[in-house]
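Chains B and C: place on chain A using the hints.
What follows is each chain in one-letter form.
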Amino acid sequence: MTSILNVEGLTKYFGGLAAVEDFDLCVKKGEILSLIGPNGAGKTTTFNLITRLELPTRGKITFKGESLAELRPHEIVERGIARTFQMTRVFRKMTLLENVAVAQHLTIRPNLWSTLVSPSERKREKEGLKKAGEMLQFVNLFPKGEELAANLSLGEQKRLELAIALSMDPELLLLDEPVAGMNPKETEEIIDLIGIIREKGITVFLIEHDMKMVMGISERIIVLNYGKKIAEGLPEEVSQNPVVLEAYLGRRHQ
Amino acid sequence: MKILGNLLILAGLIYLPWTVKNPYFLHIIIISGIFVLLASSLNLITGYTGRLNLGHAAFYGIGAYSSTLLVMKLGISVWLAMPLAGLITVFFGILIGIPCLKLKGSYLAITTLAFGEITRLAMMNLVTLTNGPLGIRGIPSPPPIIFWNSALISFESKTSYYYLLLALCLVCLLIIKRLLNSQIGKTFLAIREDEVRAGTVGIDTTQIKIMNFALGAFFAGIAGSFYAHYVRFISPDSFTLNETFTILTMVVVGGLGTFYGPIVGGVIFTFLPEFLRAIAEYRMMIYGLMMSVAIIFMPEGIIGILQSWIPRRTQKGLKLE
Amino acid sequence: MIPITELAQQALNGLVMGGVYALIALGLTLIFGILDQVNFAHGELYMIGAYATLYFSEYFGGSYTLALIFAMVAVAFLGLLYEWLLFRPLRGMGHLPAIIASLGASLFLWNLALLIFGSTPRQMRTGLSEITLSFLGISLTVQRLLVLLITLGLIIGLYLMIMKTRMGKAMRATAQDPEVAALLGININRIAEVTFFIGGALAAAAGALIGPIFLIYPAMGLAACLKAFVVVILGGLGNVVGAVIAGFALGVIESLGAGFISSAYKDVFAFLVLILVLWARPEGILGKTAKKIG
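Those sequence lines, one after another, are chains A, B and C. Take the first sequence: its position 51, counting from 1, is numbered 51 in the numbering used here, and each next residue is one higher. Here the numbering used here runs 1000 ahead of the position in the second sequence, where the first position is 1. Here the numbering used here runs 2000 ahead of the position in the third sequence, where the first position is 1.
One or more of the hints may lead you astray.
[Claimed, not checked] Calculated pairs, DSS-like style, for lysine-lysine (alpha carbon to alpha carbon, straight line, at most 27 Å): (1) A:Lys-126 to B:Lys-1177; (2) A:Lys-93 to B:Lys-1104; (3) A:Lys-212 to A:Lys-29; (4) B:Lys-1177 to B:Lys-1021; (5) A:Lys-144 to B:Lys-1002; (6) A:Lys-93 to A:Lys-130; (7) A:Lys-130 to B:Lys-1158.
[What the hints assert, rightly or not] Facing chain C, a subset of chain B residues (Cβ under 8 Å, in silico): (8) Pro-1099; (9) Lys-1102; (10) Thr-1111; (11) Met-1284; (12) Gly-1288; (13) Leu-1289; (14) Met-1291.
[Stated by the list, open to error] Have a look at the derived ranges for each label pair, beta carbon to beta carbon: (15) B:Lys-1102 to A:Lys-228: 43 to 53 Å; (16) C:Ala-2280 to B:Lys-1073: 51 to 61 Å; (17) C:Gln-2176 to A:Glu-127: 46 to 56 Å; (18) B:Tyr-1015 to A:Leu-112: 32 to 42 Å; (19) B:Pro-1023 to A:Leu-112: 33 to 43 Å; (20) A:Glu-127 to C:Trp-2084: 45 to 55 Å.
Hint data in this document are derived by calculation from the structure and do not stem from the laboratory. Everything numeric in this text was worked out from a predicted model, so none of it was measured. The C-beta atom is built at its ideal place from N, Cα and C for all residues, glycine as well.
Excised from the complex, chain A in its bound form (with noise of 0.2 Å):
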């Protein structure tokens, strides 16, 4: 398999803190990636580095061989990743459909002169409130596209962050903490969603305290602690790792 995006020597401080500290990892085309490690270990961080919310102190991100360096992060979203956040960011005043339908904004890339002149833009936008409502039917919240963001349960929002995010096309998602806060049946769904993804050849690489998800669903695992990887491999290795045992049961000590 190809690599799709590669980090190398990845570093970023916080003052005197390094929140993430020579991190190198390569994430494979059409594989599941899991990223975990203890709270704080640098995870959001890095998913923040790669998507251009944050700046790196030191490192090179490059996805399909082009540097992200320098991008903002609506091109990043452009080059073709889309993530979704740890504490749900939904546009809590919109409409679910309008929350979806606006992630759009790159495959219907409108403009002043077309909005108001062409009729051919009316139709693009029609088709992608039907894309949207596919997508809201695809994460089973379909029936709900009229509601406003703001009136969702947090696992409805999970689920909304994850149609959006597909709404962009992308083809490396980056999902954090997809199931954090969700009872087994709704983990379940997600599951299996995020199996139907992978089918259609897109790249996940995600953050996950749920253990027992990420050793199912996870090719590859990578841990974190402290901003440092210790560990990489496959999720029988790690789980066996010594070191991040004691990494994740020295921090329950504390």
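Below, chains B and C alone, put in the same frame as chain A:
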């Protein structure tokens, strides 16, 4: 059903001048139309995109002065000057919008306020250009529109101005409505709800924010230009902080972030002072009070209240009725 | 060659004004730092403080100090009203509603003052403006000296209060992380009340101190509010030390600018400084660290 309703309203609006005997009353209606445009333009920036612009009167004034100077100093026809004035205002909208890109909340409010005041000071002090505090008199009215059969519409009576304004408002509001329903309209809302998140769904927030300022500036500039050729006298006194606050009150009480809110607000707050002549000195006080009460108790304004009376299955977001 | 004495004189005058700016800005920055809300009606507290001092001093037979104290207390309660009526209902709803609500309150209050007091500016006579002290060619009226002393006293008092008292610790905790503070049992509403109380008192003091030096008029709150915002932004929203430094700095810059460049455009300096600084650093010079993302 809805189309029938809209046609009836349109017919009513077209028929209106014939029912109004008092020219002063027609004048108030025309002024309210101008403020409908002003309030709608501010609503684009503040209501839909969530960026408070306390310098909006500056756009109004730039439109008015640009149009006036184009006609009186460069001899351009009013019909050409009006859209040009809109474009000049757009230019300033972009000029002001760029430094404001990284600002939000109160930073943005104060900076736009500063720009508004600087603009007003410029109007006062660039005497060779603007005639300073004395203002400019005798601004030409639009030249008559001559048809192929030599029938003409002249702008000596208020009625012609009314129809011109009606046409302007219809075109501008239709454009605004189309924008708000479009993909671009959704990006406005997204930026308002969560600007950082908007970036992560592929929206170039810089481009959209500038476009948004430019649009708000354009419609305000058009309103200003019409005002100049209607009242035919302008001075910096018409484009002060008071005007901005009045327009803001119209938007907030009418319904921040709704399509009809500014329309309702514009009409109500133009007519209200007329009925409350006796307590004119309490006017700004009452506006202030209403603005505070509205944002606390009825954040969606009068439109929000009306909407809540209509039984609905679920709440809607951007849907415009 | 710039005359040193003149420079020093202008700088000293600037420090006096700067202290007043700092007092107003402190209340504003506390409200932002602790409650994450913006009060556009803060200048009106300053204005009412000035008028209150005027009327109280007449009531107390000319006693300026008594009037000052009563004005501070009275306006502090007005600050409390702000919190109860405007800011508590809107807490947690983002910046825009609070800005709009306080704008409305500001409109209401200064137009109310216009109605009650009339637009003719008033003067406050304390007799202290008449006595001048001179030293090395620099002169200072006793009134201005008093302003400087009281300002410094209040700032130091506030600093001690925030750093040493339990309430101060609670306020700092809330500013750092309101959720954690609530979990620790800190009553945010109580903190808010204290913050607005203090803010009101400080603003009133500023108004009372300025009164005898300049004229008192209903719209004075607007200009002061603007200046206060410039100071707060320069010092960083929520940054108490920053507000003090920026306040004094702005006072001195304005004074030097007015003295040596042009006094007609004095108020424009604040705007220009603001725009330049925000252009270079949208978070303000000493900025507050950005909130967490995601």
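Q: Go through the numbered hints given earlier and state which of them the structure violates, listing their numbers in rising order.
A: Failing hints, ascending: 4, 7, 15 and 16.
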